[in-house]
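Listed below are the residues making up each chain.
There are 2 protein chains.
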Amino acid sequence: MVKEVILGKGKLAQEAAKQLAVIDTNVKNEALKKMAGALVQKSNEILEANQKDMEQGKKNGLPDALLDRLLLTEDRLEDMAEGLRALISLPDPIGKVDNMWKQPNGLEIAQVKVPLGVIGIIYESRPNVTVDAAGLCLKTGNAVLLRGGSEAFHSNQALAWVIAHAAETAGIPAGAIQLVETTDREAVQVMLTMNQYLDVLIPRGGAGLIQHVLNNATVPVIETGVGNCHTFIDCDANLDMAVDIAVNAKVHRPGVCNAMENLLVHEEVAAQFLPRMQERMNQHGVVLRGCTKTREILADIEDAVEEDWHTEYLDLVLAVKVVGNLDEAIDHIYRYGTKHSEAIVTENYSTARKFTHIVDAAAVYVNASTRFTDGFQFGFGAEIGISTQKLHARGPMGPEQLTTFKYIVQGDGQIRS
Amino acid sequence: MVKEVILGKGKLAQEAAKQLAVIDTNVKNEALKKMAGALVQKSNEILEANQKDMEQGKKNGLPDALLDRLLLTEDRLEDMAEGLRALISLPDPIGKVDNMWKQPNGLEIAQVKVPLGVIGIIYESRPNVTVDAAGLCLKTGNAVLLRGGSEAFHSNQALAWVIAHAAETAGIPAGAIQLVETTDREAVQVMLTMNQYLDVLIPRGGAGLIQHVLNNATVPVIETGVGNCHTFIDCDANLDMAVDIAVNAKVHRPGVCNAMENLLVHEEVAAQFLPRMQERMNQHGVVLRGCTKTREILADIEDAVEEDWHTEYLDLVLAVKVVGNLDEAIDHIYRYGTKHSEAIVTENYSTARKFTHIVDAAAVYVNASTRFTDGFQFGFGAEIGISTQKLHARGPMGPEQLTTFKYIVQGDGQIRS
Chain A
1 MVKEVILGKG KLAQEAAKQL AVIDTNVKNE ALKKMAGALV QKSNEILEAN QKDMEQGKKN
61 GLPDALLDRL LLTEDRLEDM AEGLRALISL PDPIGKVDNM WKQPNGLEIA QVKVPLGVIG
121 IIYESRPNVT VDAAGLCLKT GNAVLLRGGS EAFHSNQALA WVIAHAAETA GIPAGAIQLV
181 ETTDREAVQV MLTMNQYLDV LIPRGGAGLI QHVLNNATVP VIETGVGNCH TFIDCDANLD
241 MAVDIAVNAK VHRPGVCNAM ENLLVHEEVA AQFLPRMQER MNQHGVVLRG CTKTREILAD
301 IEDAVEEDWH TEYLDLVLAV KVVGNLDEAI DHIYRYGTKH SEAIVTENYS TARKFTHIVD
361 AAAVYVNAST RFTDGFQFGF GAEIGISTQK LHARGPMGPE QLTTFKYIVQ GDGQIRS
Chain B
1 MVKEVILGKG KLAQEAAKQL AVIDTNVKNE ALKKMAGALV QKSNEILEAN QKDMEQGKKN
61 GLPDALLDRL LLTEDRLEDM AEGLRALISL PDPIGKVDNM WKQPNGLEIA QVKVPLGVIG
121 IIYESRPNVT VDAAGLCLKT GNAVLLRGGS EAFHSNQALA WVIAHAAETA GIPAGAIQLV
181 ETTDREAVQV MLTMNQYLDV LIPRGGAGLI QHVLNNATVP VIETGVGNCH TFIDCDANLD
241 MAVDIAVNAK VHRPGVCNAM ENLLVHEEVA AQFLPRMQER MNQHGVVLRG CTKTREILAD
301 IEDAVEEDWH TEYLDLVLAV KVVGNLDEAI DHIYRYGTKH SEAIVTENYS TARKFTHIVD
361 AAAVYVNAST RFTDGFQFGF GAEIGISTQK LHARGPMGPE QLTTFKYIVQ GDGQIRS
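Protein sequence lines, in the order shown, are assigned to chains A and B. So in the working numbering, spot 150 of the first sequence is number 150, and the numbers just go up one at a time. So in the working numbering, spot 88 of the second sequence is number 88, and the numbers just go up one at a time.
No lab work stands behind these hints, which were simulated from the structure alone. Hints are supplied without guarantee of correctness; some may be wrong.
One copy or two, either will do: identical chains are not told apart, so a pair holds if it fits within one copy or between any two.
To be verified - Calculated cross-link-like contacts (lysine to aspartate or glutamate; reagent style EDC-like; alpha-carbon spacing at most 16 Å):
1. K354 - D24
2. K33 - E82
3. K18 - D327
4. K113 - D92
5. K52 - D300
6. K59 - E267
7. K52 - E4
Since we're looking at a predicted model, the values are computed, not measured.
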């Protein structure tokens with residue numbers, strides 16, 4: 001029964017995608033405007049639905065942090081609306097000719113950006129994903145099938161209903177924005193293998209959710225999220241800058257994937273750098289764990305064990321390792337990193353160059369905080385997630401990453417001989 | 001036991017990939033030259049190994065067509081060598097900066113092409129894939145783990161040994177080109193889930209192989225191969241051109257994925273076009289099957305049933321349908337097509353424009369044969385396969401499609417506030 005419902009939604013989404021692919025930007029922008037307006041106009045209904053989720057959440061003993069993520073307010077709805085309005089001014093990638101050339105036989109080949117088609121998003125808790133994802137998919141001409149977490153069920157339902165309805169009044173086909181309206185886990189299973197209707201799946205949430213999707217999907221998946229990010233303080237670093245960058249990368253928002261989890265320090269500057277770094281980290285309540293050499297300098301911290309180098313703490317905890325040289329730092333990153341964001345602080349030209357060439361990550365930084373790996377900070381204007389795989393999209397996924405292309409080949413009777 | 005061996009190869013490939021990513025183009029080109037030379041110098045050994053496969057194949061009763069695919073000769077080895085030499089003159093995509101910009105906070109962000117890392121190729125019968133794939137992966141800085149079909153076991157082993165050894169003498173790290181040297185099917189299973197070492201899997205072969213990989217892999221897969229391609233003869237077509245294109249698309253090489261399988265004909269020109277088309281197709285031994293309207297004009301052909309519209313014949317068989325208008329043709333393609341290559345023959349500007357905008361396929365043709373969907377015909381100079389999915393690569397995959405990118409972000413102490 002669940003299966004039939006989801007397949008029906010998939011079919012409808014594909015029909016909508018077919019029309020959406022050729023809808024003019026003006027229509028899509030008008031829909032975004034109406035969606036933003038509707039979020040504000042219908043805020044009572046949405047907040048009422050959210051209240052149900054909040055009550056249920058409290059009853060189920062959800063931790064305060066999760067309840068806060070779940071909570072909607074007038075202000076938060078206005079933020080979502082503002083996010084949709086911001087999409088209006090972004091360029092529409094669809095129809096852009098990335099390349100066009102003529103073959104010796106006279107065939108003219110154009111590589112043109114087109115939508116992916118139907119995007120499935122499987123996500124947890126935060127109801128704002130419902131609106132953000134729907135807006136970005138719409139702007140890029142994709143239909144979207146949303147499957148949110150059960151904690152936010154009523155909120156997502158209200159949000160999806162409001163924006164889908166508003167989009168339709170602007171001329172967007174029914175089915176372009178759909179929510180899977182069941183908390184039955186079978187729904188996820190159906191989505192994972194719905195290759196006939198879904199072109200891509202993007203899971204957003206904890207490591208458990210992402211692994212489940214990766215292990216069970218036959219639909220192509222874009223992996224997002226896990227970031228075991230390093231900062232390497234080189235012997236030629238400006239140490240004032242190094243302390244600022246390390247502290248920012250760790251404490252600015254420790255719960256996100258681009259936060260630093262491991263700090264590598266060149267042994268030549270360890271004695272100078274570590275105590276200054278510790279003092280600043282202490283002010284923010286960061287718990288340090290160190291390798292043997294680190295603890296020779298910072299005697300009062302805990303031992304870092306093998307597991308620490310693998311751990312994405314997502315918390316105010318930092319593992320610190322003293323390394324003998326650049327190569328050792330690079331090897332450590334290669335071994336323990338998740339290819340998300342890696343930084344070096346150095347004033348040495350050749351060292352910086354070698355680091356950026358060899359380190360394999362979506363974003364490799366010189367003299368800046370890893371916290372910038374983010375669609376807005378990169379200037380993309382919006383973001384559906386941060387890809388941690390290499391296929392299709394890498395790093396922050398903005399509007400361009402939600403497109404594919406087709407070749408349009410024009411001839412005057414060419415046949416192959 | 002098999003598992004340990006394959007994992008060991010994966011680990012070695014990853015180590016090689018790390019070095020290969022930063023090797024200069026000159027070294028890679030020198031390796032390609034040596035690989036080409038070695039194929040010719042060691043032809044005796046290779047042909048001897050191939051003889052073993054041929055004898056085994058005959059013993060096992062392989063059909064002649066498959067035996068022909070399997071057969072190696074001095075000429076075929078020279079063709080493979082020539083393919084490797086042709087890669088030398090192609091531009092190296094690695095290190096190309098596709099985009100570079102400066103953010104308001106002074107961060108300079110460059111998007112730079114880098115190799116994917118380690119590519120797994122799972123393929124059937126033709127031993128030339130061993131050489132072609134290894135060459136293209138090497139040119140693009142990727143390590144490759146090859147798993148060929150059991151029929152070509154000895155041939156693949158000899159080819160892989162010869163080229164891997166030659167590459168090493170030019171300074172390519174050991175492990176950059178490796179063959180899975182067992183016919184145990186467990187090896188494939190290990191590769192499908194070897195996410196820690198493989199960045200992408202590309203299956204090449206029949207529909208069964210590709211489905212097996214898609215259904216069981218957790219490593220990201222690029223789907224290749226299935227092409228249920230259409231040609232639509234519009235009412236405004238130049239009928240001479242239409243006949244030439246239809247015949248070429250069907251008979252030039254019926255066994256490949258870009259061959260036409262279904263022909264759609266506008267009813268206004270059906271009576272004129274169909275008999276002329278039939279006459280030419282008959283000369284090539286093509287068996288026609290037709291819808292009711294087609295059979296009113298071509299009385300002596302078989303009935304086309306629902307299954308025909310879904311079938312990739314890969315043979316001298318063609319299903320023909322008369323449609324009432326452009327929309328009906330587009331709907332038919334949307335329903336039965338595999339998004340590979342679709343063509344229209346028309347002299348009408350608006351008809352051509354609508355067809356190219358709406359039809360969703362890797363390659364959409366106006367007034368040309370679908371047979372051109374091919375890396376060499378597109379001017380890519382080489383091809384690892386033809387992607388029939390939308391993620392990452394679509395259509396012919398040349399050197400650029402075997403790359404990903406990283407962002408290199410340069411700052412002078414930027415932190416996020």
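Status of each hint after checking the structure:
no. : hint       : verdict
1   : K354 - D24 : between (46 Å within a copy, 14 Å between copies)
2   : K33 - E82  : within (10 Å within a copy, 58 Å between copies)
3   : K18 - D327 : between (51 Å within a copy, 13 Å between copies)
4   : K113 - D92 : within (10 Å within a copy, 24 Å between copies)
5   : K52 - D300 : neither (48 Å within a copy, 69 Å between copies)
6   : K59 - E267 : neither (52 Å within a copy, 66 Å between copies)
7   : K52 - E4   : neither (28 Å within a copy, 53 Å between copies)
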